[in-house]
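Enquirer: The lines below spell out each chain.
2 protein chains.
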Amino acid sequence: MSFLIDGLQYSNWSEEIFRQIRAGGVDAVHVTLVYHENFRETVANIERWNRWFERWPELIFQGFTAEDIALARVTGRTAIFFGSQNPSCIEDDIGLVEVLHRLGLRFMQLTYNNQSLLATGCYEAEDAGLTRMGREVVAEMNRVGMVVDMSHSGERSTLAAVEHSTRPIAVTHANPFVWHPARRNKSDAVIGALAQTGGILGFSLYPHHLRDGSSCDLDGFCTMIARTAERFGSHFLGIGTDLCQDQPDSVVEWMRSGRWTKMVDYGEGSKEAPGFPPMPGWFRDNRDFGNISKGLRAAGFAPDEVAAIMGGNWARFFAASFGAAQMASEGKRAAE
Amino acid sequence: MSFLIDGLQYSNWSEEIFRQIRAGGVDAVHVTLVYHENFRETVANIERWNRWFERWPELIFQGFTAEDIALARVTGRTAIFFGSQNPSCIEDDIGLVEVLHRLGLRFMQLTYNNQSLLATGCYEAEDAGLTRMGREVVAEMNRVGMVVDMSHSGERSTLAAVEHSTRPIAVTHANPFVWHPARRNKSDAVIGALAQTGGILGFSLYPHHLRDGSSCDLDGFCTMIARTAERFGSHFLGIGTDLCQDQPDSVVEWMRSGRWTKMVDYGEGSKEAPGFPPMPGWFRDNRDFGNISKGLRAAGFAPDEVAAIMGGNWARFFAASFGAAQMASEGKRAAE
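Chains as they are written, first to last, in our numbering: chain E, 143 to 478; chain Y, 143 to 478.
Honestly, the hints are just simulated from the structure, not real lab data. Among these hints, one or two may not hold up.
Copies of one chain are not kept apart here, so a pair can be met inside one copy or by any two copies together.
Unchecked claim - The calculated lysine to any residue pairs, modelled on SDA-like cross-linking and capped at a C-alpha distance of 20 Å, are:
id, residue 1, residue 2
1, K404, F181
2, K404, R277
3, K404, R164
4, K413, R426
5, K436, R369
6, K404, L213
7, K404, A467
8, K404, V241
9, K404, E209
10, K404, D235
11, K404, A461
12, K404, D234
13, K436, R426
Using the sequences and the hints, build the whole thing.
Expert: Below is the structure:
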């Protein structure tokens, strides 16, 4: 069975989008709950999802284990897996890792763009790696089965997380820096470390991560994936679209500026273009995954490789990652 | 008028201790509200103080401005000024700086022992200096009149705070590293920077900061102050006893381990001696400040210098620090 899985979305969720997800045949999506929310606000966001799950049970349900991907396929629905792009959700409390895992949080970034209590974000001038609390929290995430996601972290922190974590880590949504030198894209060192430790890289469709931005064409995107596979293998590659569909620009302001500054931080944007950039024409919403599959074929990937990149690798990663440590059948040690 | 002011205490407050403060003739005390508390918990701690202020109005009242020191003297009471040893009280929200200043918070450490969202604590292996949020928050503290306290911060972060802050900063409770090489004590570079920028250093009586710990004698302590004054001047020196009177050892466990680890962190202590160390015999409680005054005289300080160190320097620092930036009559620029 070949699955279609997206490693990251943060849309302005609605029945229309859920129906598009179904129309696109997406089996599972890792959705973002948190950019700067604290624990209580994170729980409120879970409550919103609970209402959506209750209202549209024929379209979506909450995923807790990798088996829920197959359940989604069999029942014609989409499994929604929760994640956080900021450890703000655990505040300063390591005990909240297990609590949030019980509530279904399966991914947590150790940092968003700035320094966190755990590690350094990619927008800081300097990166001192994992903090004391960061090392403790990674161990706790390893224990309960919450994936360390370093998509927005600095280089040194990312490599430190790979080294310190006893289980594979993820970069759910980013592209190679050599292809497009954006601050959010990842170095060869990081990509190589993911490839060698059972980790995973989700290629991003967010225009700021793309060469030529919104004008990036499908061939360019898929050729970039092919070049990455040639260098590092395709066994650890997936898609993490970073789709932020129907979001007002106030949301990207929240993402960037949170509550940490009284100024406006433009992040990847600029004063002239502060809002969400338009998505490439060949990936407007969840109905367009087929374009990527076709593009990967055209870029030279074999059908089984396309299937792996479009979901198979994520499915295997989910299976290795979401259970408690002693139950993990696959892991970093096994991959080495 | 010469004042007696303590730059830091965190006791298990009681009528007995308040009466000792009065018996000792202490005009003002900077008390710690926060070790790891978030905003709501900080407000709860303010509520506790409000009940004490209501219950013992003849002994204590909340200080908001430097004028309250003189008011305390005239009315035979002690002015209590609030401070936080951790920026956990503002969580990730720069707007809470002004809110907490309005509630009376006059000091905030940018870090306790660990990395914070703002800067690096002295127990981290590496110190990358002020973070993006740290620079923003220091500017906001400067604006409203909240003192940047770097007592528990790393060396580089401390020097960065001196440089970035437009107003003088404090190390409310620490001693020179050259006298006793504890992780919490301060380098010549830090002490020199305080001396030259209108800052202030409060000498600590906490045994882990003392040469020979609880056995440190009065002469050794006062000679250390004299050596510091010879090298850097006495104009920026005060006392910050770090008195933690009547606290159960569970409190020092909270200080050290907070919620950031599931292990026990022994901090300045050890597995063999995890609790609060006994205070030196010549400074058991607030009635013993006279011993320090006598010791300073014996160490060679003139009476006006003793008065400055025992409170005059703090009074001047309070006057320069607690008002909004445009109202500050003294400041770092003036001191330079």
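Enquirer: Starting from the hint list further up, note which numbers the structure goes against and sort them upward.
Expert: Hints 3, 4, 6, 9 and 11 are the ones this structure does not satisfy, whereas the remaining hints hold.
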